[in-house]
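K.L.:
Letter by letter, the chains look like this.
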Amino acid sequence: MDKYVKGVGMTKFGVEDRSIPDMAYEALTQALKDSDIGVDKLDAVVISTVDTKINDERQRHSSSFLSSLIRRKIPIIRVPAVCGGGGAAFWTGLRLKYNNVLVLAVDKILSGPTTSITKEIMNAADNIWEQEEGLVFPAQNALVAQQHMLKYGTTHDDLLSIAFKNHLHGSMNPKARFYGKKVSMEDIKKAPIVATPFNLYDCSISVNGAAAVIVSNDKTDVKVAGSGLATDYLAPFEREDMTTWRGVVGAGKLAFEQASVEPKDIDVAELHDAFTIVELIAYEDLGFCKKGEGKELIRNGYTNLDGKMPVNTSGGLKARGHPISPTGVAQVVEIVDQLRGRCGERQVDGAKLGLTQNVGGAGGTNTVHILRKT
Amino acid sequence: MTKIIRWVCEKCNKKWIHPVDKCISCDDEVKKEIGTKLKVVGFTKVYVPSPLHPITPYNVLILEDEHGNKMPKKTMNDYDIGDVYEDKSDSSENVVSAVKLKYDYYEAVKESLELIGDIEVNDANKILIKPNLGIPGYAYTGVCTNPKVISGLIQYLLDKGAKKENITIAEQSFFVPLEKVAKKSGIADIIKKFGVNYIDISKTEFEEKKERDVTFEVSKIVNDFDIIFNVPVIKTDMVLGMDGAFENLIRFLSKKNFDEFAADPRKAVGALALLPNVVSKFITIGDGSIGMQGNGPAQHGECGFFNLIFAARNPVAHDKVVQEVLCLRKLPYVELAGKLGVGEYDISKIHIVGNELEALRRDIKHPVGSKLIKQ
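Protein sequences appear in the order of chains A and B. Under this note's numbering, the first residue of the first sequence is numbered 2, with each subsequent residue one higher. Under this note's numbering, the first residue of the second sequence is numbered 13, with each subsequent residue one higher.
Treat the hints with care, since some could be wrong.
Straight-line alpha carbon distances no greater than 20 Å define the calculated DMTMM-like cross-link-like pairs of lysine to aspartate or glutamate that follow [to be verified]: (1) A:K54 to B:D375; (2) A:K152 to B:D92; (3) A:K120 to B:D375; (4) A:K152 to B:D95; (5) A:K182 to A:E346; (6) A:K120 to A:E58; (7) A:K309 to A:E294; (8) A:K374 to A:E258; (9) B:K26 to A:E346; (10) B:K138 to B:D33; (11) B:K138 to B:E98; (12) B:K27 to A:E239; (13) B:K27 to A:E241.
What the hints contain is simulated information worked out from the structure, not anything from laboratory work.
I would like the entire structure built from these sequences, with the hints used as guidance.
P.N.:
Take a look at the structure:
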C-alpha cells in the first residue's frame, strides 16, 4: 500500500525548559494544521520517546499520556530506539493499515548537568563491556573515526569541514538550535578536545524538542518511496569492521530497492551526524561514494548547500540539534519542507527526491527513508 | 589477567559477548573462548566526565586478542597502536586486585586471585569460605554475598584440585536463623549444588583470644582450616561506613561479644581494628558485583551495581582500596588497624593490580547518620 506524508510540524530545537506535553502539543497541532485535518481524523499514533531518569516528568506511560493530550481513545503505541527512535517510529507508522497515522517524537533530554546527560545517553551502549570501560558516545565514535583515518587517510580537517557545513546550514534554519549563529572554521578548530581526535564541534548538540509527521493512505504531493530498517550488534567492537555500519548499508539497500532509485538520484539528504564521522561513514555506507572516499565528498563540496547533493540542510544533529527520539522525525520534516519548496534561504532548488538516515546507538538501529515529490 | 571472553558456537562460529548455553541457530553447545594475548588497535583520550567516570582525562583502548576478538579497556596510562597490553600479578602482602566483572563470575574470581599471585590448593587442604549472610536478602538486592561469586570461587577451587568434602561454608546471623538467610540469598542452593559442607558459626564453640586490651570470643573453627576465604559483599553501612573485609569477620565472634561491641561505638572501632589478628591467615575476596550504596547495609540501601571483584591478602589494604574506589569517607577502624600494624593503610603504598585506582573511582551514594564516621 502506498503511503504519503500529509503534514509535518516541529518545535524549535533548543535549551528552553518546556514540558513534554507542551512540546508534543505544539508539534502535533502544527502537523494537523499542515495536513489540513482535525484531530478527529487521526486513526492511530506512533510515539517515540526515551525514558530518561534525569528529567522530572516521571511519566513513561506514553500511550495514555498522549491519549490525554489529544483527547482521543485511538490505538497509540510507543516505539523507542534511543537516537534512532524517530526513524523507527516513522518506519512503524508506514506499516500500519490505518488511514491517518500521527508519528510523534518528543524528548526532554536537557534536564540536568552535562555529566548526567552524558550518562543518560551512554545507556544506549553495552552496559558491561562499554559503559563500565568509559566508552561515552563521543569516545565510541572517536575510536571509529581513528580507525577510518588509519584505514582510509581521512583527516580531522575533513571531519571538521562537515561540522562547518552543518553549522552554516543550521544558521539558516529558524527551528535550529544555532539559527542565526555562524561559526568560522577557526572557531571550530580551536574548540576544546572531547575525546581525541574529536573536539566539541565533532559532536552533536543536545536539545529539547518535538517533531511530528502525519502519514496517510490518501495521495498527497509527497510519497514515501522507500523505507528500510536494519539492525546491527550493540557494540561496534563486536563487528568485523568498525568503519562500516552494516545496519546502515542494509537499511539503505532496502530503501533504494523499494524506491527503484540509486544514490546518485538523491537531490537532498538528512543524515545522522551525531558525530562528524557518522555523516562521513553514511556517505559511504549509503553508496554516495565508494568505501573510504567519503572525505572526497566533503572536500569537493558535493554535500554543501550549493553542491550536487546537499546534506543536512536543516543543520543536522550538529546545528539543528539532537533531542534523541525527535531527530528521525525532524529529518522527515526537513525533507518534506524541501520537497514542498518552503525552506527559505536553505532551499535546494528543484528538490524532487530526498533521503533520511537515522541511527540509534553506534549503528545499532538504522532507518533509511526516501521521499519523492509526486 | 585482563582477558577477552566470547561464547562461541563451535559448529557455526557464532559469537556472543554474554553467556549463552546453546547456539540459537544450530542448537549446538556454546564454549568459552578466552583471549589473553592483547594488543592495542585503537585508543582515544576522553576529556568529558560522567558519573561513572568522574576523573578525566582517561584513555579508552580497543584491545584485540589472538582470536581477533576485541574489547574496550579504560586506563589512565597512555598506549600507542601496536602496543602489547598485559597485567602483571604481584603476590606481595600489600596488593589488591580489582577486576571488572564481564558477566562471568568464575572468570572474574579466578582473575582476581591470579592477579595477587594465585593460591596453592591440594586435595588435602581444608578450605573455609565465609560469605556475608548477616541479614536476609535476595541475591539481586546486594544485601548478602552474591551466590554467583561463591559458586565461581568453589568451582575455581575444585578446578585447582580441592575436594568438595574439604570445602566448608560458614556464617552466622545475629538477627535471624541462618537457614533463612542462606535460603533467601541463594547460598543454600549453591551449597546443595556443589555438595560442600555448611556450618552455622553460632552453634560452634568459642574461645577467648586477647589482642592488646580487647578480649574476643572467637569461633574455634578459624583454627580448623588450611585456607580461609573471607568473602564480604561490598556495602555501605550507616554505622560502620562500609561493610568489607573487617565487618565480615565480626560474625566469627560470639553474639555476646558482638552485642558488647555494638553497644559502644568507640570500643567497636578498637575491636574491629584488631579483629583480623585473631583469625587465622585469610584471603579476602570482595564481592562488588552488585553491592550496595546509600543507607545500607539492609533494606534502606540501594543496589550499587559496581561490577567489581576485589581480592587481597591483607584486609586493611582491601578495605582501604574499596573505600577509595567508591569515594567513601575514611573508615576509622581501618585507619586504626593501619596504625596498629595490621596492614598497609597508605594508599600510595598499596599496589593495585588489574585496574588503576583513578580509572575505577566513582562517587556512589554515601550512607548518612553514622556515629562512627564524621559526616
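K.L.:
Against the earlier hints, flag every one the structure doesn't satisfy and list their numbers going up.
P.N.:
Failing hints, ascending: 9, 10 and 11.
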